[in-house]
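Enquirer: Below, each chain spelled out in residue letters.
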Amino acid sequence: MIEAHLKKLRIRDDISAEEEAAIRGMVSEVREYRADQVVIRRGQELSESLLLLEGWIARTKDLSDGGRQISELQFSGDFTDMHGFTLKRLDHNIATLTPCRVALAPHHRIREVLDRFPHLARVYWLMTNIDAAIHREWTVSLGRRSALGRMAHLFCEIRERLNVVGLADNDSYDFPLTQQELGECLGLTAVHVNRTLQEMRRRELIELENRRVRIRDLPRLKSAGDFDPYYLYLEKRPR
Amino acid sequence: MPWFYLHIRCNDVLIEDDEGAEFPHLAAARIESVRSIRSLVSGDVRDGKLQLDLSIEIRDGDGSQLESVSFDDAITIIPPSP
Numbered sequence: 001m002i003e004a005h006l007k008k009l010r011i012r013d014d015i016s017a018e019e020e021a022a023i024r025g026m027v028s029e030v031r032e033y034r035a036d037q038v039v040i041r042r043g044q045e046l047s048e049s050l051l052l053l054e055g056w057i058a059r060t061k062d063l064s065d066g067g068r069q070i071s072e073l074q075f076s077g078d079f080t081d082m083h084g085f086t087l088k089r090l091d092h093n094i095a096t097l098t099p100c101r102v103a104l105a106p107h108h109r110i111r112e113v114l115d116r117f118p119h120l121a122r123v124y125w126l127m128t129n130i131d132a133a134i135h136r137e138w139t140v141s142l143g144r145r146s147a148l149g150r151m152a153h154l155f156c157e158i159r160e161r162l163n164v165v166g167l168a169d170n171d172s173y174d175f176p177l178t179q180q181e182l183g184e185c186l187g188l189t190a191v192h193v194n195r196t197l198q199e200m201r202r203r204e205l206i207e208l209e210n211r212r213v214r215i216r217d218l219p220r221l222k223s224a225g226d227f228d229p230y231y232l233y234l235e236k237r238p239r
Numbered sequence: 001m002p003w004f005y006l007h008i009r010c011n012d013v014l015i016e017d018d019e020g021a022e023f024p025h026l027a028a029a030r031i032e033s034v035r036s037i038r039s040l041v042s043g044d045v046r047d048g049k050l051q052l053d054l055s056i057e058i059r060d061g062d063g064s065q066l067e068s069v070s071f072d073d074a075i076t077i078i079p080p081s082p
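Protein chains in written order, with the working numbering: chain A, 1 to 239; chain B, 1 to 82.
Do not take every clue at face value.
[Stated by the list, open to error] Here's a subset of chain B near chain A, in silico, CB distances under 8 Å, partners left out:
no., residue
1, Ser36
2, Leu40
3, Asp47
Just so you know, these hints were derived from the structure itself, not from any lab. We put the CB at the ideal spot given by N, CA and C, even for glycine.
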């Protein structure tokens, strides 16, 4: 059940058999959500964190004009809100983009595991640090990259992150977002996303059909997005 | 909610919207069209160009054109003071 999550951790550090058993014991109930559901609302008091098993989830903020901004995408193996353990409430929503299955980790269980295994506390601290690094990189995209640059960067990032958990296959992956949702990630309207996608196709960088992305030229796509996976910390070091 | 398709018309080239989106009514689709022109034009200016012959054609699910929203509808040009 938590294989994707363990893969994600093990890219960055060794997790012993005992620690693995503790993580398995930390998660209990599995819940299913439909697409486009707000699973955690900004301000809600939190007593559990959610480990995403299947589907795509987003961290979102609602704007006063009725619009929405996505500040991060989450995939299988990601805790959507481990930071909720320390924060106790969130400054954003957690919303499903597709139907999702999540496993619940009650905070009291997380506390027990982290008290018994200080190394795991550092590993989960690392994972929230990596979330912050992803947010910083998105800030650069929104602040300084062109529409095409932002989009190319995001397609590269998604490929890298899905590769870790075995969901990208020879530079192609399922891509369930609507143009509206992709726009919410990139600070573009859906129409602008459409034009940018057409431009990416014209330049033979990607194909996107039937909700599947196929990267046609990875080096040129990385160059268009100025992408370097450095900020994803895909390296194993003792933490 | 009804589906609307927002196609981009630029210098006689049509970039089609294959996906469309739900809007409560045509007025909402028109507002989104204005936002979209502004987004497209901002993007262009960032790259050093400005296309004046730019409009969004709003069509329904059958392909019938409901309305066209132009550059002038979305952007007020402020000339230099005399």
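Enquirer: Hint by hint, say whether it matches the structure.
Expert: Taking the hints in turn, this is what the structure says about them:
With a least beta-carbon distance of about 4 Å to chain A, the hint placing Ser36/B at the interface is held under the 8 Å criterion. For Leu40/B, the interface hint holds, the least distance from its beta-carbon to any beta-carbon of chain A being 5 Å, beneath 8 Å. The interface hint given for Asp47/B holds, since its Cβ lies 6 Å from the closest Cβ of chain A, which is under the 8 Å cut-off.
Against the hints set out earlier in the document, no violation occurs for any number.
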